[in-house]
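Undergrad: Line by line, the protein sequences are chains L and D.
Residue 2 is where the first sequence starts when you use our numbering, and the numbers rise one by one after that.
Residue 3 is where the second sequence starts when you use our numbering, and the numbers rise one by one after that.
None of these hints come from the bench; they were simulated from the model.
One thing to keep in mind: the hints can contain errors.
Listed below are the simulated DSS-like cross-link pairs for lysine-lysine, each with C-alpha atoms no more than 25 Å apart in a straight line [said to hold, decoys possible]:
#1 D/432 / D/187
#2 D/337 / L/21
#3 D/415 / D/382
#4 D/432 / D/121
#5 D/139 / D/269
#6 L/21 / D/287
#7 L/94 / D/415
#8 D/432 / D/132
Computed beta-carbon distance windows for the label pairs [unchecked claim]:
#9 L/98 / D/239: 34 to 42 Å
#10 D/394 / L/67: 39 to 47 Å
#11 D/243 / L/74: 19 to 27 Å
#12 D/242 / L/97: 23 to 31 Å
#13 D/239 / L/21: 32 to 40 Å
#14 L/67 / D/344: 32 to 40 Å
#15 D/377 / L/118: 22 to 30 Å
#16 D/396 / L/110: 35 to 43 Å
#17 L/121 / D/162: 41 to 49 Å
#18 L/80 / D/367: 23 to 31 Å
#19 L/74 / D/129: 54 to 62 Å
#20 D/367 / L/64: 35 to 43 Å
Predicted, not measured: the structure shown is a model, and the values here were computed from it.
By construction, the Cβ of each residue, glycine as well, lies at the ideal position given by its N, Cα and C atoms.
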Amino acid sequence: MDKSGGKRHLPRWLCDPDFKVSVLIDGHHYDTVALNYNHVGMGLFRYERLPEASQCTVSLSYNSDPIQLKDELIPATIVYANETEVGSHYGLKFNLETVGTRLLLALQEVDRLLGERENHSDRYGVNS
Amino acid sequence: MPTELTEIKIPVEKLELGMHVIRLDKPWEETDFLIQGFVIQDRKTLQELTEQCSHVYIEGRVTHNLAPAQLRTQEPPKEKKGLFSRFSRSRPTPPADAKSGKSLQGPPPAEKRVRYINKIPTERELPEAKGTYDFAKTTVVNIMDGIRLGRTIDMNQARATVTRIVDSVLRNKDALAWLTRIKNKDEYTAEHSLNVSILAATFARHLGHTEEEIAIIALGGLLHDVGKAKIPTEILNKEGRLTNEEFALMRQHAVFGRNLLMSAASKDKITIDIAHSHHERVDGKGYPRKLQAHQIPYYAKVIAIADTYDAITSNRCYDSGRSSMEALDIIYHVKGEQFDEALALEFIRCIGVYPPGAIVEMNTGEVGLVVNTHEQSKLKPRILMVLDKNKERVAAQFVDLAKISQGVAFSIKRELINGSHGVFLEDFLKRGSLFKPSGDSPA
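When you get a sec, could you build the whole thing from the sequences and use the hints?
TA: This is the structure we're talking about:
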């Protein structure tokens with residue numbers, strides 16, 4: 002773990018309900034809850050554990066004007082897995098070197114859009 | 003009384019490894035055994051029992067220091083759905099009474115909420131809170147060790163500990179919360195139980211519960227995971243990934259906890275319900291009983307959220323904990339499915355993005371510790387600044403972001419993990435820096 006100043010330098014934006022994410026491991030799809038996102042990676046939560054794996058493929062759909070991504074397959078590395086009695090929390094890093102330019106630009110656009118939409122003084126909208 | 007915990011008389015020649023001896027056929031003092039009640043761990047102990055006794059009394063269930071595969075063959079105790087939640091359905095908002103099992107359906111309505119204020123500043127409460135935290139941690143360790151040795155849970159000891167926790171939370175909501183941020187992976191089970199108790203008490207205070215209700219919730223938090231004492235320590239402390247069998251066994255702790263609390267001399271029905279139901283989900287997909295939302299006791303819904311928050315932010319033997327924001331992201335996204343939606347949102351309001359004890363980096367690059375938060379402006383806490391923009395140590399000084407004049411661009415950029423840039427919460431606590439403020443900066 003990076004002890005110099007946190008684990009990542011880019012902020013992860015709170016995913017909105019338009020995210021639909023499943024994880025593909027050994028040919029099986031596992032539905033997950035998309036927690037937070039930037040174009041480099043994302044956080045996922047799942048009540049039941051994923052099978053043990055260090056690599057997976059993320060199937061990402063995001064349909065929110067003006068972006069329309071449907072079942073985009075993104076190779077990813079599972080860099081963090083906290084499997085507890087309350088559910089399992091995973092941190093994924095996209096293997097960007099393996100994705101094409103079109104998808105990379107789309108991922109960056111989702112990042113930009115979420116950043117614009119996030120209320121930076123009230124991430125969860127509970128104080129407004 | 004569940005039959006699985008009944009004392010069973012057994013001739014010594016029929017004893018086996020893993021059996022839980024709770025009484026001998028003679029006073030303990032007349033034998034060589036130093037500990038009164040234990041699990042038979044080895045052949046030598048078995049031999050000593052055979053030599054010194056003709057029969058002993060064991061707990062009526064084989065203990066779980068055996069291979070998980072063997073454990074799976076045991077039939078789980080039969081479940082009754084909503085044993086005590088019936089009380090909560092039939093009474094709208096009576097005062098809580100843990101012994102009678104009376105419970106609440108939800109947080110108090112606005113007109114009945116108790117409003118609390120911090121009676122003393124965080125830095126003045128911290129030394130007392132530290133003493134309370136250490137005392138309470140010892141209590142939890144004693145309870146867990148005692149269970150492993152065959153003792154029943156001393157509810158009076160637990161209640162006395164909770165009284166100290168609640169007193170501290172009522173004097174100042176931030177001091178004990180601050181201490182929950184210091185995570186020791188080697189003491190996870192004990193610290194987690196205590197942290198959940200503190201977080202739940204703080205949350206109950208935020209919700210406007212009475213002092214008596216806060217104490218009930220805090221007690222439930224303290225003992226919610228007591229069933230883990232029945233899980234082999236090698237599984238609890240395993241550094242690698244748990245096998246599916248081990249994971250399934252871990253999930254039995256809710257049932258183990260209920261059984262243990264049911265066998266306590268002084269039964270506390272709400273605490274039993276909490277231990278049994280804190281992993282139920284409002285969508286009916288939880289465990290162990292897959293209760294529907296209306297069947298889950300309110301107190302268990304409160305504890306479930308605090309439990310998740312601390313579980314995600316805690317260091318485990320296999321990895322470091324995540325930030326408060328990561329935990330809140332989870333609670334936010336699974337509200338309405340895993341957690342009661344209104345309670346989940348209220349918990350997020352209670353904790354705030356930057357809770358007491360968070361290490362934060364400012365937009366200037368400076369680093370500080372969140373000392374306390376303000377109810378009305380959670381994003382503008384009071385901070386102890388400890389590093390300058392070059393990450394060099396500076397004389398610790400308080401800055402209250404809520405008092406900074408508008409137009410001054412000085413705000414929190416992000417939360418850092420404990421240990422970032424060499425800033426460790428425990429160091430500041432040990433050095434007493436928080437207790438010797440050099441005054442608030444005018445900013």
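Undergrad: For every hint, state whether the structure bears it out.
TA: Structure-based check of each hint:
1. This hinted pair checks out: residue 432 of chain D and residue 187 of chain D have alpha carbons roughly 19 Å apart, not beyond 25 Å.
2. Distance restraint check for residue 337 of chain D and residue 21 of chain L: the Cα-Cα separation of roughly 17 Å lies within the 25 Å cut-off, and the hinted pair is therefore satisfied.
3. For the given pair, residue 415 of chain D sits about 12 Å from residue 382 of chain D by alpha-carbon distance, which is consistent with the 25 Å threshold.
4. For the proposed pair residue 432 of chain D and residue 121 of chain D, the alpha carbon gap of about 24 Å is at most 25 Å, so the pair holds.
5. Taking the CA atoms of residue 139 of chain D and residue 269 of chain D, the gap is about 22 Å. The hint holds against a cut of 25 Å.
6. As the CA atoms of residue 21 of chain L and residue 287 of chain D are separated by approximately 21 Å, the hinted pair is consistent with the 25 Å bound.
7. Simply put, residue 94 of chain L and residue 415 of chain D have alpha-carbon atoms about 22 Å apart, close enough for the 25 Å limit, and the pair holds.
8. With a CA separation close to 10 Å, the supplied pair residue 432 of chain D and residue 132 of chain D stays within the 25 Å bound.
9. Hint check: residue 98 of chain L to residue 239 of chain D, Cβ distance near 38 Å, so the stated range 34 to 42 Å holds.
10. The given range of 39 to 47 Å is respected by residue 394 of chain D and residue 67 of chain L, whose C-beta atoms sit roughly 46 Å from each other.
11. One distance hint, 19 to 27 Å for the beta-carbon pair residue 243 of chain D and residue 74 of chain L, holds here, with the actual separation near 26 Å.
12. The given range of 23 to 31 Å is respected by residue 242 of chain D and residue 97 of chain L, whose C-beta atoms sit roughly 29 Å from each other.
13. The beta-carbon spacing between residue 239 of chain D and residue 21 of chain L, approximately 37 Å, falls within the hinted interval of 32 to 40 Å.
14. Taken as a hint, the range 32 to 40 Å holds for the pair residue 67 of chain L and residue 344 of chain D, whose Cβ atoms sit roughly 34 Å apart.
15. Look at residue 377 of chain D against residue 118 of chain L: about 27 Å separates their beta carbons, and that is inside 22 to 30 Å.
16. Separation of residue 396 of chain D from residue 110 of chain L is about 41 Å and conforms to the stated range, judged on CB atoms against 35 to 43 Å.
17. A hinted range of 41 to 49 Å holds for the C-beta pair residue 121 of chain L and residue 162 of chain D, which are about 45 Å apart.
18. At roughly 26 Å, the beta-carbon separation of residue 80 of chain L and residue 367 of chain D lies within the given 23 to 31 Å, and the hint holds.
19. Our hint of 54 to 62 Å for residue 74 of chain L and residue 129 of chain D holds, since their Cβ atoms are close to 56 Å apart.
20. One distance hint, 35 to 43 Å for the beta-carbon pair residue 367 of chain D and residue 64 of chain L, holds here, with the actual separation near 39 Å.
Violated hints for the displayed structure: none, as all numbered hints are satisfied.
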